[in-house]
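Visitor: Spelled out from the first residue to the last, the chains are:
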Amino acid sequence: MKEPDSLTFMMGEFAAIFPTDRQYAKNHMWAMTQSEGVYRFGFTAYAVRLLQDVYFLEWSVDAGVTLAERQEMGAIESKKAESALYSPIAGRLPRFNNELLSDPSTINVDKYGEGWLFEIEGSSDELLSAADYVKHLESVWEVTQRTIKGQLN
Amino acid sequence: MAKRIAVVVSQGQSQNPAKRGLEEDIVAALIMEPGIDVTVIPHLYDLKPDGTGVLALDGIKGNLIVLSWLYERGARWILDRNNICGRVGQTLIKADESDEEEDEEEIVAGDDGKQRVIGKREIPNRRIYCIDLRVHDAAQPYIDEIKRIAAENTQKLVQLGDWLQGVAKPEQLERFANPTNTTALGGNGNGKSRHEEADDAPVKQTDVIRIAETGDRRWYPVIDYSRCTNCMECIDFCLFGVYGVDKVETILVEQPDNCRKGCPACSRVCPENAIMFPQHKTPAIAGAAVGLVGLKIDLSKLFGAPDEGKSAEEIAALERDEQLVLAGRDAVGMAVGMRKRQEGQPDQPRDELDDLIDGLDELDL
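Chains as they are written, first to last, in our numbering: chain L, 753 to 905; chain U, 1053 to 1417.
Derived from the structure by calculation, the hints contain no laboratory data. It should be emphasised that the depicted structure is a prediction, and the values quoted were computed from it without experimental measurement. Be aware that a few hints might be false.
Stated by the list, open to error - Derived SDA-like pairs (lysine to any residue); straight-line CA-CA distance at most 25 angstroms: (1) Lys1172/U x Asp1077/U; (2) Lys1362/U x Glu866/L; (3) Lys1348/U x Ser787/L; (4) Lys1348/U x Arg898/L; (5) Lys1362/U x Glu824/L; (6) Lys831/L x Glu755/L; (7) Lys1221/U x Glu866/L; (8) Lys1348/U x Ser876/L; (9) Lys1333/U x Arg898/L; (10) Lys1348/U x Trp893/L; (11) Lys831/L x Lys1172/U; (12) Lys1362/U x Glu890/L.
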């Protein structure tokens, strides 16, 4: 039987869609193989749903840098949220999507395509399949809500 | 007689010349305005409960505009705890530039049938306007806003028919217009009543009343009774005896000076976000007019930040422990005075989790 093109996870009443043609990282980024060991990353529907309109994106590291997993690498500001950004995997980062810097709203318009963030040469060991990512979402959905609620205090 | 309005300028804690300049510019402009009485007092939050500042505020019976270096909510409920009560006066000077509509939605969303303490109170029929001096750098917007409010408030204080049940008889009107008792006659001896004379006389410019107090900076929680449901979580949580109950079993801040300086822990455990610390650096704790829709959420924890996040209750317990240890007592962790949130929930069809899930949709455009 043909595998579905995408999987869905319900964030309250919002249906977040995740294409199965790529892998995923726990920090809510997707990873698409560009070539052997090189992955292109972007935000998943889960992340974009929480951010909403992206206003500002900046990177605190330069292209060519080698990053550790979860190393802080930039920041994002949106209509509803702000966040520091952390590396999904360890490896060398050859390229950022520079178009995004002048118009970060592409993330909202085409999150799985033109809204890609950067590429990293690294290992896919930590990456998840779409199905495993959705399972991961089921376990963190509670934490997500508590994070948002906790922010009020 | 035109209705006068009282304006109180509550000076900031710091000697910052820009802040003092702003205060004085506003005062100087208002002295020139007819119908406005200006009083300058120290920082609202630091006023002594039995001091001259509160006394001056208490003496103001009519509509009141308070300018302070505090969020509107903070100022309003500090006044309230000093028994300066009234209806909410709407001001156009707002700190938050976000969509008014969204804010209202959130406020309405909070109207979920819970009984709030404010519902049981009698509110005096006068309006209190609280204005945050941090919104604008210049005096003009404040002066304009005060003039707008003053104009809104101007009305004849006394109508001839007001004092009578029904319609005045001609002889009653005659007695009123030309009273025979000497105390009611105007000083000019024209046979005019005092009220008629007041209309004739030019409105005097009053001097500014300035009040100073010596005293330290204070630190204590301020309860917003429009949110408080009297659930008593705060009194259970605080181990320093700050909270108490009044004669009708309503929660109040009984021993404010028992509060540990800088500690905001109790504000984190209040399920209704009804506790403010107006001097705290976090706007939400200081009473900023933001709900779920106004403030930007920090998603770092979700986007891969290495640190393990803590819930509000966990942070509160840590802060409380910090204070206990500083006071030479033992830390208690989460074991004492903290109720499990889900207790008693199974009986209800909806719980907070459902509200939050739907609340995420209210985040939507």
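Visitor: Output the indices of the hints that this structure fails to meet, ascending.
Guide: The structure breaks hints 1, 2, 3, 6, 7, 8 and 11; every other hint is satisfied.
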